[in-house]
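Student: Position one of the sequence shown corresponds to residue 1 (the numbering used here), numbered consecutively onward.
Hints are computed from structural coordinates only; laboratory data are not their basis.
Glycine included, C-beta positions come from ideal geometry on N, C-alpha and C.
Fair warning: there could be bad hints in the mix.
Mimicking DSBU-like on lysine-lysine, the simulated pairs with C-alpha atoms at most 35 Å apart in a straight line are [said to hold, decoys possible]: (1) Lys-131 x Lys-165; (2) Lys-131 x Lys-93; (3) Lys-186 x Lys-130.
Estimated spans, in silico, between C-beta atoms of each pair [to be verified]: (4) Ala-99 x Asp-277: 46 to 52 Å; (5) Glu-167 x Pro-47: 17 to 23 Å; (6) Glu-170 x His-265: 17 to 23 Å; (7) Thr-234 x Gly-185: 24 to 30 Å; (8) Arg-127 x Pro-47: 44 to 50 Å; (9) Asn-67 x Gly-270: 18 to 24 Å.
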Amino acid sequence: DRMFTHNPELKEIFNMSNQRNGDQREALFNAIAAYASNIDNLPALLPAVEKIAQKHTSFQIKPEQYNIVGSHLLATLDEMFSPGQEVLDAWGKAYGVLANVFINREAEIYQDNASKNGGWEGTRAFRIVKKTPRSQLITSFELEPVDGQPVADYQPGQYLAIWLKPEAFEYQEIRQYSLTRRADGKGYRIAVKRENGGQVSNWLHNHASEGDVVYLAAPAGDFFLNVEAQTPVTLLSGGVGQTPMLAMLDTLAKSHHQGQVNWFHAAENGDVHAFAD
């Protein structure tokens, strides 16, 4: 709450629903606690760093925003615990080291996204060219770039961030949805589950229409399948967790994968089993 009072512009980036229920604060402090526990073994943090850095790029997090978060983190520690300047200085130094790890990795990801064929910096305008209900809860959206140029390839299992601010929203909202088919260089497809009380998912289901323009950050994510290895593949999913598996299966089929492929999927019932065809 302190940070958003002093820097209300960050409400356009952070998921405010997660702020209200405390999830974002808990995630931040858990990350810092994990860092403190492994401060003498930073390589142990690299998988978590990669996951978070990939997510940050979908929000287009910038270096100066780390300074804002860091200053409010230290101020909060001081207000809650009054640990003394020496302790605050130590935490400030430790936070600075961690922030630089993220800043450097995210700079690499941004550069890679901008330099690859069909890639881009920041966000890019896409048009919804097809909206298809797939079950009672899940709808797919096919998206093509407004500029008509190629789009970047991605690894099967990665996601897109969609940036929305329709008139009904108080703040810009950013959400990530898995890509659900193989890369084709022409466009993307995502699938969205209607969440009970979910502002963005319900808007997409109820109000987004074919022809509407939305803005996307480049594909991101550290969860993906290496389809080059010709080894057996077993995929497990439940509910909307099937969405990244669809991209994996589609990519495996296109690449004429030689290993055995098994997919085990569970749905609550047939009405909510999306992509059953």
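Student: When you take the CB atoms of Thr-234 and Gly-185, is the distance between them in 24 to 30 Å?
Tutor: Holds: the Cβ-Cβ distance is about 29 Å, inside 24 to 30 Å.
Student: Using the Cβ atoms, figure out if Glu-167 sits within 17 to 23 Å of Pro-47.
Tutor: At roughly 40 Å between Cβ atoms, Pro-47 and Glu-167 fall outside 17 to 23 Å, so the hint is violated.
Student: Do the beta carbons of Arg-127 and Pro-47 sit within 44 to 50 Å of each other?
Tutor: Cβ of Arg-127 to Cβ of Pro-47: about 36 Å, so the range 44 to 50 Å is violated.
Student: Is the straight-line distance between the alpha-carbon of Lys-131 and that of Lys-165 35 Å or less?
Tutor: holds, 19 Å
Student: Is the gap between the beta carbons of Ala-99 and Asp-277 within 46 to 52 Å?
Tutor: holds, 47 Å
Student: With a cut-off of 35 Å on the C-alpha distance, tell me whether Lys-131 and Lys-93 pass.
Tutor: violated, 49 Å
Student: If I claimed the Cβ atoms of Glu-170 and His-265 lie 17 to 23 Å apart, would that claim hold in this structure?
Tutor: With a Cβ separation near 37 Å, Glu-170 and His-265 fall outside 17 to 23 Å, so the hint is violated.
Student: For Lys-186 and Lys-130, compute the direct alpha-carbon distance and say whether it is at most 35 Å.
Tutor: Holds, at about 14 Å.
Student: Asn-67 and Gly-270, beta-carbon distance inside 18 to 24 Å?
Tutor: The hinted range 18 to 24 Å is violated for Asn-67 and Gly-270, with Cβ atoms some 51 Å apart.
Checked against the numbered hints listed earlier, the structure breaks hints 2, 5, 6, 8, 9; every other hint is satisfied.
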